[in-house]
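Enquirer: Sequence:
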Amino acid sequence: MRKEGNRVVPGQRNPARGPGPDRTAATTTARPRPPYPTPSAEARLRYWFDTTLTRGIPALCGWLALGCLALVVPVSALLVWTDQRAPASLGARIAAVWRSTGQTMRLGGEVGPPLRVVLSVLLALIALLYVSTLVSLITTGLTDRLMALDRGRAAILERGHTVVLGWSEQIPTVVSELVAARTGRRRRVIAVLADKDKSAMEEDLPDTARATGRTRATGRTRATGRTRVLCRTGRPADPAALARVSPATADCVLVLPRDDPRDDAETVKTLLSLSAALGEDRRVRVVAAVRDGRHLAAARLAGGPRTTVLDVDDLSARLVVDCARQPGLSLVHQELLDFAGHEFHTLRDPRLPGLTFEEAAGACPESIAVGIAHDDGTVTLNPPLSARFRDDDRLLVIARDEHSTRLSDLPVPHDPKALTHAPPPAPAPAERVLLLGWNRRAPRIVDQLSRRTPPGSTLDVVAGPRAATTAAVRTAAEALAPRMPVRHHPGDPALRSTTDALDPTGYDVVIVLGPDPRPGRGDPDDRTLLTLLHLRAAEEESGRRVPVVTEMADDRNRLIAPRAPGSDFVVSGRLVGLLMTQISQNPHLTAVFEELLAPAGNTLHLRPAAHYVTTGRTTSFAAVAASAARRGECAIGYRSATAADHGMRLNPPKAHVRYWHARDQVVLIAPGD
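Residue numbers for the sequence shown follow the working numbering, beginning at 10 and rising by one.
For the record, the hints were derived by calculation from the structure and aren't laboratory data. A couple of the hints might just be wrong.
Label pairs and their in silico Cβ distance ranges [as the list claims (entries may be wrong)]:
1. Ala252 / Pro474: 48 to 58 Å
2. Ala164 / Thr365: 45 to 55 Å
3. Pro596 / Glu549: 45 to 55 Å
4. Glu603 / Ala252: 25 to 35 Å
5. Pro434 / Arg235: 46 to 56 Å
6. Thr627 / Asp512: 35 to 45 Å
7. Ala476 / Glu212: 35 to 45 Å
8. Ala573 / Gly363: 45 to 55 Å
9. Gly363 / Arg626: 29 to 39 Å
10. Pro526 / Ala488: 18 to 28 Å
11. Ile147 / Arg567: 52 to 62 Å
12. Pro374 / Glu549: 38 to 48 Å
13. Arg553 / Gly473: 20 to 30 Å
14. Ser208 / Pro596: 30 to 40 Å
Backbone N, C-alpha and C fix where the C-beta goes; we use that ideal spot for every residue, glycine too.
All chains, please: the whole structure from these sequences, using the hints.
Expert: Structure below.
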């Protein structure tokens, strides 16, 4: 073996290896290669098809034509040869086969001279090209239109519809309540515009409206009973996107608050775009909300005089303090704010002008008269019995819907002997309040507590040892020092050792606040649930119950939270969404809830039934209403102490008769204590 360059020539000895046996066989024999698997017929066919597709449309059309001919020609020949009426000659039969093939493949099918056959095929190809092009154009146009609808870019041409701008935690509440609102309209449309994918919004909307029990999917829209919910994609602050939902022809527009308080500037910009779209002489009601009160003035300026702007944090603080001062009021707020039960309505009746409020209230057997709504948008809540209705005044009532109130000529009778004289109110004793947790609403809650608790009350705050939290608590304590002492206890309320060190059952009321939601920190209600578990354990060990007011971010967590009698849950996002929906349907309710949630004026109260009727006997609710009216108050319902559930009932019929227990309570709208 000899070497040529780097190549070894078989059959020659290598002199470098010296004498020895011939090693040609050992050095030239290679290892056998493994056999490659043979592709299957299916794999070869798939590869051939893929290769054909890469050659373009002409190759595909050619193979398609050949395949069709391979099927059509034999079948046509079989039809001709099996036809008893077919011609006998071979040429005539071949011509018949051609005609059948041509008619099947739309190739003319003419027979005769070759030129005639070619021209007929040419005309058939031209017709085929025209029809296929027309079908392609129509298909492309429909596809583009469907894609535009799927992207949520099409305009909505409706009148009298409701527009919801933005997507936040309030969207489930707002859409569900708008669907559940009982109105006299035969057809209702809700248009939602948000910077979110349309298909994602439509996937969430069935769950949103399912609570009403009237949801069904119909094609591209969501129909709920007589209500359609249309979704459009776009930034609400963009005028071009805003035009897609036709706000100028809407009945009302709701601008939802952003989830992050730092995004309130986007809400202000949306109101500016909305004002530009509606013009100066607009008649569209606008309801908006901001989370940071520092942006409230700017939002009201941007929205204009017909815009109602709510302060989310301020409303949440008022609701928490309201429930802390009177446990059980969260149930009343829930009932008055949603459309599932009884809520505020205004009644216009030609018989009202000249009547006194006492006469109008007595003429409502199935509803509760609570005030007078004036034509300028103001409301007189719980007016004197002698107040008279003027022209264009409306009666403000609590009723099941706007059509259930009818003025009756005969007032509901009651037993005067059942009425009692309430004892003079005793001075309220000082209270010990425990606040577990701290967030951006806590300073407002502390300020409201200092204004509404009896003199001499104290507040203990348990919050994390972070420097920012400590500084915020110290600032609040310094500001409230003249009215209420505030003591700060650094610690984590979610730890059992922290709550045990203070003995929460020794307080008159406990308020639990969750942390502010932050990206990457999970659900803020998780720590709230841990705190509630520790409180429940402390109550069971001590055998004492303490009223607990809990602020939660997600209403679903309220269903799994450990609760005890006397506990209240304030889901601020849901309650604000309910309030926005109520105001959008009745603008007079802005003044109503502003007064009900204020520290002074006419507010909601729960007071012993023994102050109004003789307990331990049966009497009608008309006697309770008459006794409250004699004291300058409006009785709107009661809370039963013996009911299995919460026992709250608003707007019972005046003729409703029940046995009154000593621990029953009456729900009232009355001046503050």
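Enquirer: Determine for every hint whether it applies to the structure shown.
Expert: Quick rundown of the hints versus the structure:
| no. | hint | verdict |
| --- | --- | --- |
| 1 | Ala252 / Pro474: 48 to 58 Å | 52 Å, holds |
| 2 | Ala164 / Thr365: 45 to 55 Å | 52 Å, holds |
| 3 | Pro596 / Glu549: 45 to 55 Å | 48 Å, holds |
| 4 | Glu603 / Ala252: 25 to 35 Å | 33 Å, holds |
| 5 | Pro434 / Arg235: 46 to 56 Å | 49 Å, holds |
| 6 | Thr627 / Asp512: 35 to 45 Å | 43 Å, holds |
| 7 | Ala476 / Glu212: 35 to 45 Å | 43 Å, holds |
| 8 | Ala573 / Gly363: 45 to 55 Å | 51 Å, holds |
| 9 | Gly363 / Arg626: 29 to 39 Å | 38 Å, holds |
| 10 | Pro526 / Ala488: 18 to 28 Å | 26 Å, holds |
| 11 | Ile147 / Arg567: 52 to 62 Å | 53 Å, holds |
| 12 | Pro374 / Glu549: 38 to 48 Å | 46 Å, holds |
| 13 | Arg553 / Gly473: 20 to 30 Å | 27 Å, holds |
| 14 | Ser208 / Pro596: 30 to 40 Å | 35 Å, holds |
No hint from the list above goes unmet by this structure.
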